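Trainee: Given next are the chains, with one letter for each unit.
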Amino acid sequence: MFVEDVLTATIRSGTPVLYAAQGEVIAERSGVINLGTEGCMLIGALAGFAATANTQSPIIGVVAAAGAGAALALVHAFVVITRRANQLASGLAVTFLGLGVAAILGRHYVDQSVHPLNQVRIPLLSDIPFLGNVLFHHDVLTYAGMALGPLLWLFLYRTRWGLILRATGEQASVAFAYGHSPARVRYLAVMAGGALAGIGGAQLVLAYTLSWVENVTVGRGFVAVALVIFAGWDPLKATLGAWVFGGALAVQLQLQARGVSISPFLLQMTPYVLTLAILAVASRGRAQRAPGEIRAVFGKAAA
Amino acid sequence: MNRRSTSWALLLLIAVMLAACGSTGSNASKPGKTTIGFLYVGAKNDFGYNQAAYQGSLAVKKAFPDAKVLEAENVPETAEAERVMEKMISDGATIIFPTSFGHLQPAMNVAKRHPNVTFLHQGGLKTAKNLGTYFGTIYDTQYAVGQAAGMATKSNKLGYVVAFPIAQTLLNVNAFERGAQSVNPKAKTSVVFTGNWCDPGKQAEAANSLLDQHVDVMAQHQDCTKTIVQTAERRGAMSTGYHVDASKFAPHGWLTGSEWNWGPLFVNMVKTVEAGKFHQSPYAGRYRAGIKEGLVQLAPYGAAATPAIRQKVQATEEALRSGKLAAFAGPVRDQSGKVQIPAGKTPDSYQLENTTYLVQGVVGQIPSG
Chain S
15 MFVEDVLTAT IRSGTPVLYA AQGEVIAERS GVINLGTEGC MLIGALAGFA ATANTQSPII
75 GVVAAAGAGA ALALVHAFVV ITRRANQLAS GLAVTFLGLG VAAILGRHYV DQSVHPLNQV
135 RIPLLSDIPF LGNVLFHHDV LTYAGMALGP LLWLFLYRTR WGLILRATGE QASVAFAYGH
195 SPARVRYLAV MAGGALAGIG GAQLVLAYTL SWVENVTVGR GFVAVALVIF AGWDPLKATL
255 GAWVFGGALA VQLQLQARGV SISPFLLQMT PYVLTLAILA VASRGRAQRA PGEIRAVFGK
315 AAA
Chain Y
5 MNRRSTSWAL LLLIAVMLAA CGSTGSNASK PGKTTIGFLY VGAKNDFGYN QAAYQGSLAV
65 KKAFPDAKVL EAENVPETAE AERVMEKMIS DGATIIFPTS FGHLQPAMNV AKRHPNVTFL
125 HQGGLKTAKN LGTYFGTIYD TQYAVGQAAG MATKSNKLGY VVAFPIAQTL LNVNAFERGA
185 QSVNPKAKTS VVFTGNWCDP GKQAEAANSL LDQHVDVMAQ HQDCTKTIVQ TAERRGAMST
245 GYHVDASKFA PHGWLTGSEW NWGPLFVNMV KTVEAGKFHQ SPYAGRYRAG IKEGLVQLAP
305 YGAAATPAIR QKVQATEEAL RSGKLAAFAG PVRDQSGKVQ IPAGKTPDSY QLENTTYLVQ
365 GVVGQIPSG
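Sequence lines, in order, name chains S and Y.
Here the numbering used here is used: the first residue of the first sequence is 15, the next is one more, and so on.
Here the numbering used here is used: the first residue of the second sequence is 5, the next is one more, and so on.
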């Protein structure tokens, strides 16, 4: 059935972006924009693929991916937090670093195959007509991804640590006055973000494409960064945004498989345009939601 | 060797090097010692288009052990390609193989500046005085691959994931469907265009959306081919390959596929250029060859290819090779039923390269603009 297939595909193809977007929410909530998310995804994808290829264990692969993503994010954190360099420039540099390093280290993995992350049917729930297939017939990382948005929301708004994170992002001096080191909070936030981006990359190659090629993410990390801004730094809306992106990507292919003609140029464009449009509508009138320290990155003019 | 003779030797070496640099190929290098440059648009181990071209370069290396082979991977189809070619020429290259369709314009520009360097472009439709193009009529083998798919399918639904709607891709889809129809009149091929030569995420989704429609044999025209083969395998469908043999990724579902065999052609081209016979040779124009010349061939059979399939495909392969059979022997009708190639006519590869339609039996439309 068309709607069922499209929704299933939506979740399937939105998940890598979802992880990266939630990671970026954490980083930006601490006051650091990480344009290196694309690089973290790529290096995570490679680390996940390589570790799985060598150990035949996707679990080790996912752990390696998180570690690699966090390690690359640490480079960005050091440059912008300790060395106080421009966040945007550093982020781009980190992306290209990740792209290049992954390309070189990944050469030998292009012709390898891995034991993929298998789909797990959730008993009982997967038998529900319609919803069963859409929601409960995926790999474990996809299930975890569904929970990630709400969990992160609870963390941000219902826990003390979430409060400290948000305070650091809004007004670092306040967090400092309450006895928390903004630098430490930011280091942790940026690395957590990198780890999630890495897991997103790993999900892409281990559950979805089942293969590694250079630049396998093709810009999904940048999409994630844009999503976060248009989602008003809200993890629930970021989840929505990632699924809209996945859905737009999936629906055109599903339509074509049913014999409907679509221009390949429109095809390239739709996921981006549709995601932007929906998020723009969803976050109307909330432009000022940007964490204070993020506004500072863009200077007074943009604030 | 004392110090003086060492410095003389050094000086001599420098002089030789300078001489080598100064002579942009005007004193054609000795046979077998030419410097040859290869440009690939992607990675040379992509299990696809670039790997096939790379294997061709290996054959050149083997045939001319004293030749210097320069290689550049991931060369974009932009002015960057011009820069790479200029660098190769300054490193002494006198023959350059820009192997991607979009490398043509940069190569034309560089060719104009270096009349003594010979350019052999893969897939191009334009030529210049010192630039010839070559390509293979891989739709020959796609016809035979389509037969394998048509015999193997149980749902009578075949799926084809295509990058862009250009003549080369349309010809492959058409040949595949015509092959399938020739053994199974009920077989239909559904086409999905991804708008990208290599985006594995999109490939996976395209394959999934076709498999959702109960397609049980997958075919593709992408630069990197692994993801679609593996996605089909994982969902219990069969697959046919393109560019190179990817059977190891589908131990259960692999049928066969089309693959390139550029090596002998590349070696022959280099020999022709070295002998100074490029301009009289067919390589100076639009050179096209196919199964007859051994430029394209069938990939090894896989577990899904039953003895009956192998027998049929082999017979077809021989008939194609001997010229008894052609993938596009008329009548050929397009999707609307209009006769595009009248009965009794068999267009040559040059005419076929103007193809802008899909044949009857293909489901899905060519995207407009």
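The hints are simulated quantities; they were obtained by calculation from the structure and are not laboratory data.
Possibly wrong hints are sitting among the right ones.
[What the hints assert, rightly or not] What follows is a list of derived Cβ distance ranges for each label pair:
1) S:Asn68 with Y:Lys72: 47 to 55 Å
2) S:Gly114 with Y:Ser285: 34 to 42 Å
3) S:Leu139 with Y:Pro335: 53 to 61 Å
4) Y:Val343 with S:Val274: 55 to 63 Å
5) S:Phe110 with Y:Ser326: 50 to 58 Å
6) S:Ala294 with Y:His283: 56 to 64 Å
[Stated by the list, open to error] One side only, chain Y facing chain S, incomplete, derived with CB under 8 Å:
7) Asn49
8) Val196
9) Gly199
10) Trp201
11) Cys202
12) Asp203
13) Pro204
14) Ala208
15) Ala210
16) Ser213
17) Cys228
18) Arg238
19) Pro255
20) Asp338
Predicted model, so just to flag it, every value in this text is computed and none were measured.
All residues carry an ideal CB built from backbone N, CA and C; glycine is no exception.
Trainee: Next, verify each hint and record whether it holds.
Mentor: Do the hints match the structure? See the list:
Range check, Asn68 of chain S to Lys72 of chain Y: about 36 Å between beta-carbon atoms, so the 47 to 55 Å window is missed. A hinted range of 34 to 42 Å for the beta carbons of Gly114 of chain S and Ser285 of chain Y is consistent with their spacing of about 41 Å. A C-beta distance of roughly 54 Å is found between Leu139 of chain S and Pro335 of chain Y, which places it inside the suggested range of 53 to 61 Å. For Val343 of chain Y paired with Val274 of chain S, a C-beta distance near 26 Å fails the hint of 55 to 63 Å.
A C-beta distance of roughly 53 Å is found between Phe110 of chain S and Ser326 of chain Y, which places it inside the suggested range of 50 to 58 Å. The given range of 56 to 64 Å is respected by Ala294 of chain S and His283 of chain Y, whose C-beta atoms sit roughly 60 Å from each other. Checking Asn49 of chain Y against chain S: minimum C-beta separation of about 5 Å stays under 8 Å; hint holds. For Val196 of chain Y, the suggested interface contact is upheld, since its CB lies about 4 Å from the closest CB of chain S, less than 8 Å.
Interface restraint check for Gly199 of chain Y: the shortest CB-CB distance to chain S comes to about 3 Å, inside 8 Å, so the restraint holds. Of the supplied interface hints, the one on Trp201 of chain Y is violated, with its beta-carbon coming no nearer than about 11 Å to a beta-carbon of chain S, more than 8 Å. The interface hint given for Cys202 of chain Y holds, since its Cβ lies 6 Å from the closest Cβ of chain S, which is under the 8 Å cut-off. Nearest Cβ of chain S to the Cβ of Asp203 of chain Y: about 5 Å, under the 8 Å cut. The hint holds.
Annotation: interface hint on Pro204 of chain Y holds; nearest CB of chain S at approximately 4 Å, less than 8 Å. Nearest Cβ of chain S to the Cβ of Ala208 of chain Y: about 5 Å, under the 8 Å cut. The hint holds. About 5 Å separates the beta-carbon of Ala210 of chain Y from the nearest beta-carbon of chain S, less than 8 Å, and the hint is met. Below 8 Å, beta-carbon pairs count as interface contacts, and Ser213 of chain Y has one with chain S at about 4 Å; its hint therefore holds.
Using the Cβ-Cβ criterion of 8 Å, the hint placing Cys228 of chain Y at the interface with chain S is satisfied: the shortest such distance is roughly 5 Å. At a threshold of 8 Å, the smallest CB-CB gap from Arg238 of chain Y to chain S is about 7 Å, leaving the interface hint in force. Taking 8 Å as the C-beta contact cut-off toward chain S, the hint placing Pro255 of chain Y at the interface is violated, the least distance being around 10 Å. At a threshold of 8 Å, the smallest CB-CB gap from Asp338 of chain Y to chain S is about 14 Å, leaving the interface hint violated.
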